[in-house]
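**Q** Top line first, the protein sequences correspond to chains A, B, C, D, E and F. For the first sequence, the numbering used here begins at 1 and goes up steadily by one. For the second sequence, the numbering used here begins at 1001 and goes up steadily by one. For the third sequence, the numbering used here begins at 2001 and goes up steadily by one. For the fourth sequence, the numbering used here begins at 3001 and goes up steadily by one. For the fifth sequence, the numbering used here begins at 4001 and goes up steadily by one. For the sixth sequence, the numbering used here begins at 5001 and goes up steadily by one.
Worth flagging that the hints you see were computed from the coordinates, not collected in a lab. Don't take each hint at face value.
[To be verified] Here are the simulated EDC-like cross-link-like pairs (lysine to aspartate or glutamate), alpha carbons at most 20 Å apart as the crow flies:
| id | chain 1 | residue 1 | chain 2 | residue 2 |
| --- | --- | --- | --- | --- |
| 1 | D | K3124 | B | D1037 |
| 2 | D | K3030 | E | E4026 |
| 3 | C | K2084 | F | D5037 |
| 4 | C | K2063 | D | D3061 |
| 5 | A | K30 | F | E5125 |
| 6 | E | K4063 | F | D5037 |
| 7 | E | K4030 | B | E1125 |
| 8 | A | K124 | C | E2099 |
| 9 | E | K4084 | D | E3125 |
| 10 | D | K3063 | C | E2098 |
| 11 | C | K2030 | A | E18 |
| 12 | C | K2124 | F | E5098 |
| 13 | F | K5063 | E | E4099 |
| 14 | A | K63 | B | E1125 |
| 15 | B | K1030 | D | D3041 |
| 16 | F | K5124 | A | D61 |
| 17 | A | K84 | C | D2061 |
| 18 | B | K1063 | A | D61 |
| 19 | B | K1124 | E | E4029 |
| 20 | E | K4124 | D | D3037 |
| 21 | E | K4124 | D | E3029 |
| 22 | B | K1124 | E | E4099 |
| 23 | A | K124 | C | E2098 |
| 24 | C | K2019 | C | D2037 |
| 25 | D | K3063 | C | E2018 |
| 26 | B | K1063 | A | E98 |
| 27 | E | K4124 | D | D3041 |
| 28 | F | K5063 | E | E4098 |
| 29 | D | K3063 | C | D2037 |
| 30 | A | K124 | C | E2018 |
| 31 | A | K63 | B | D1061 |
| 32 | C | K2124 | F | D5041 |
| 33 | B | K1084 | E | D4037 |
| 34 | D | K3084 | B | D1131 |
| 35 | C | K2063 | D | E3098 |
| 36 | A | K63 | A | D41 |
Here the structure is a predicted model, which is why all the values come from computation and not from measurement.
Number of protein chains: 6
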Amino acid sequence: MHQNSNVSINERYQRGWEKLREIDGEAGEKVIAALADIAPDFARYLIEFPFGDIYSRPQLDLKSREVAVVAALTALGNATPQLKVHIEAALNVGCTREEVTEVIMQMAVYAGFPAALNGLFAAKEVFAALDA
Amino acid sequence: MHQNSNVSINERYQRGWEKLREIDGEAGEKVIAALADIAPDFARYLIEFPFGDIYSRPQLDLKSREVAVVAALTALGNATPQLKVHIEAALNVGCTREEVTEVIMQMAVYAGFPAALNGLFAAKEVFAALDA
Amino acid sequence: MHQNSNVSINERYQRGWEKLREIDGEAGEKVIAALADIAPDFARYLIEFPFGDIYSRPQLDLKSREVAVVAALTALGNATPQLKVHIEAALNVGCTREEVTEVIMQMAVYAGFPAALNGLFAAKEVFAALDA
Amino acid sequence: MHQNSNVSINERYQRGWEKLREIDGEAGEKVIAALADIAPDFARYLIEFPFGDIYSRPQLDLKSREVAVVAALTALGNATPQLKVHIEAALNVGCTREEVTEVIMQMAVYAGFPAALNGLFAAKEVFAALDA
Amino acid sequence: MHQNSNVSINERYQRGWEKLREIDGEAGEKVIAALADIAPDFARYLIEFPFGDIYSRPQLDLKSREVAVVAALTALGNATPQLKVHIEAALNVGCTREEVTEVIMQMAVYAGFPAALNGLFAAKEVFAALDA
Amino acid sequence: MHQNSNVSINERYQRGWEKLREIDGEAGEKVIAALADIAPDFARYLIEFPFGDIYSRPQLDLKSREVAVVAALTALGNATPQLKVHIEAALNVGCTREEVTEVIMQMAVYAGFPAALNGLFAAKEVFAALDA
């Protein structure tokens, strides 16, 4: 039911890279590029484990996965750049702006109003950048 | 598109109470009961704001809302009782055990392996209790 | 002893709006305005629940409430804009600058020196803006 | 205005020990005793810095200090034993049970409902133990 | 300088398994076993990424790696079971009990006294279990 | 084995000041200076407790202490200015850039990829400033 564990390491990297581009688009590629001179191995791990392993699993659709990430990063409140990447990713995989906004608002219940407010203002910036 | 803001306070409480029972079932009622002697007003707020306001909004389906909560509480890692309530709530509103497990696993990427492990062990307890 | 639960929703909103202005002043109004185009319902919830419900309760004086918020937001360390709003709010409801500074310093014991340092530098900015 | 920095180290320790007993009572002494075989120096630091330095400062009354700690530990949500010690400490220095409950409830706004719920249940246990 | 990326997936898993046993010993094997019926794929990822990839890198000695983990988990304060596994792991790779205690004490500066206290009490339990 | 507790307060301050300069260099002195007009007593405590007490203890070498701090601040993710100071401090006391990078990368396992990414980008800035 999950990806074949006999797949070669190159296939895993390739699968991760394609999944990263499908979900995060240009924003994901920029993160990878920014790691090149400080921690190139970490760029490889980022492609292989989150994208080659986790996001490639068919047990959960990508839309639900992005709902989960937007919720978690809003609640944690200490990773704004990654939250912005995933607000855009949520739109890339089929969430509407209204759904993304709704997930962030809901976090007021679980992580407090400041976390939700900061998430909403991050979404506002992402939406404005897309409209520009 | 959202609930009518002219609704009376009693309707808001009533709507929240029904939503709480639909989502959290008996586990939710127990939380409310446990608040009776220490903070009865807080029980009322809990029914009114999260359930009467937020969960009653039609902009996001309940399944996505529970994916969001399970993700956030797994990532925060400091609210195990509430995480268990919402693992069961996710099943109540249509998530499969496999989907819930998958959301928790994904949190390894955003909040680390310990958070995901503790979430998985919480799910294991909830599933075992349901099977018993 | 607490607000009458038979109050109409409009009264609750009105009471919240007045409390928001009393506590947060212009800074609070700006937050509400900034939500208008992304999540107007959330602006309403923010007025209704925190201010119309919680801050309107007579069981705790506003000065103690602001001590509590400044402490919590300093300790959490991931909501600087809201911390600044509440440092100013603490002054609005009667705390001295010295008391606010003291609450933040105390957080070194409970959340570490970095959290306290970042809180102190936030206070320094707020005090400087007020003096300008 | 603050404690004389020429005070000797023994006076600082002594002052801290008396302040610890005034605020935390027996619960504080138990924490110190529990450290004896694992980290006795840490017990000394705990007496000297938080109690000998911070809590001995006259710039903020002890009641406000305990409001601040109860708020912060409720919001952080990962230090239940210390939260319980300070719920009792808040009562020791003059807060009513209602005020303590109110501070914890307010944290729903800043750290979410699960944090507030867990704080309220901690308070319930402390109050029950005091009544027994 | 780092592990050969042409290594096959089976070698990566094997390398991870051996590293897990070297560092975490029996406690690590128990975690893997506990995942068998809820999330066996997650057990595989846990072996492959943290142990097969990260801990197998020669750029940092295992003693420093365990100092880093004990520090981080003490500071986060929401993963006590994993902190205990790594307190024991630190001893397994050559830290003394005094060094482990010292790392935890130091966290009072960066995450507050409650986090450090809870870490010290976790260490006390681990040391007592080893002595029994 | 630890510092003599009969040392006078002036010696403790002096020892702390020298330790602060040894570890944090100019960056540490700037923090102290920035506190002068808002909380001069806090500057004194910062010198006395973390540096005069904790960092002056001989039970753990300074290199291990900085590994611990870089790990903890990366994992907490809400104290970037202090993380940068300690990335530089780690280099000051003998860590290589590669070791610092490695500690930060490892935090992906314990606090998630966003925390590690933000830590790596902080390190990139520190290294670039040192090279300029």
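**Q** The structure should be examined with respect to each hint, and the outcome stated for every one.
**A** Okay, the hints, checked on the actual structure:
no.: 1; hint: D/K3124 <-> B/D1037; in the structure: 9 Å, holds
no.: 2; hint: D/K3030 <-> E/E4026; in the structure: 33 Å, violated
no.: 3; hint: C/K2084 <-> F/D5037; in the structure: 18 Å, holds
no.: 4; hint: C/K2063 <-> D/D3061; in the structure: 12 Å, holds
no.: 5; hint: A/K30 <-> F/E5125; in the structure: 17 Å, holds
no.: 6; hint: E/K4063 <-> F/D5037; in the structure: 42 Å, violated
no.: 7; hint: E/K4030 <-> B/E1125; in the structure: 17 Å, holds
no.: 8; hint: A/K124 <-> C/E2099; in the structure: 35 Å, violated
no.: 9; hint: E/K4084 <-> D/E3125; in the structure: 27 Å, violated
no.: 10; hint: D/K3063 <-> C/E2098; in the structure: 16 Å, holds
no.: 11; hint: C/K2030 <-> A/E18; in the structure: 42 Å, violated
no.: 12; hint: C/K2124 <-> F/E5098; in the structure: 36 Å, violated
no.: 13; hint: F/K5063 <-> E/E4099; in the structure: 12 Å, holds
no.: 14; hint: A/K63 <-> B/E1125; in the structure: 27 Å, violated
no.: 15; hint: B/K1030 <-> D/D3041; in the structure: 44 Å, violated
no.: 16; hint: F/K5124 <-> A/D61; in the structure: 35 Å, violated
no.: 17; hint: A/K84 <-> C/D2061; in the structure: 38 Å, violated
no.: 18; hint: B/K1063 <-> A/D61; in the structure: 12 Å, holds
no.: 19; hint: B/K1124 <-> E/E4029; in the structure: 18 Å, holds
no.: 20; hint: E/K4124 <-> D/D3037; in the structure: 9 Å, holds
no.: 21; hint: E/K4124 <-> D/E3029; in the structure: 18 Å, holds
no.: 22; hint: B/K1124 <-> E/E4099; in the structure: 35 Å, violated
no.: 23; hint: A/K124 <-> C/E2098; in the structure: 36 Å, violated
no.: 24; hint: C/K2019 <-> C/D2037; in the structure: 23 Å, violated
no.: 25; hint: D/K3063 <-> C/E2018; in the structure: 28 Å, violated
no.: 26; hint: B/K1063 <-> A/E98; in the structure: 16 Å, holds
no.: 27; hint: E/K4124 <-> D/D3041; in the structure: 15 Å, holds
no.: 28; hint: F/K5063 <-> E/E4098; in the structure: 16 Å, holds
no.: 29; hint: D/K3063 <-> C/D2037; in the structure: 42 Å, violated
no.: 30; hint: A/K124 <-> C/E2018; in the structure: 27 Å, violated
no.: 31; hint: A/K63 <-> B/D1061; in the structure: 12 Å, holds
no.: 32; hint: C/K2124 <-> F/D5041; in the structure: 15 Å, holds
no.: 33; hint: B/K1084 <-> E/D4037; in the structure: 18 Å, holds
no.: 34; hint: D/K3084 <-> B/D1131; in the structure: 35 Å, violated
no.: 35; hint: C/K2063 <-> D/E3098; in the structure: 16 Å, holds
no.: 36; hint: A/K63 <-> A/D41; in the structure: 29 Å, violated
Figure legend: structure checked against the earlier numbered hints; hints not met, in rising order: 2, 6, 8, 9, 11, 12, 14, 15, 16, 17, 22, 23, 24, 25, 29, 30, 34 and 36.
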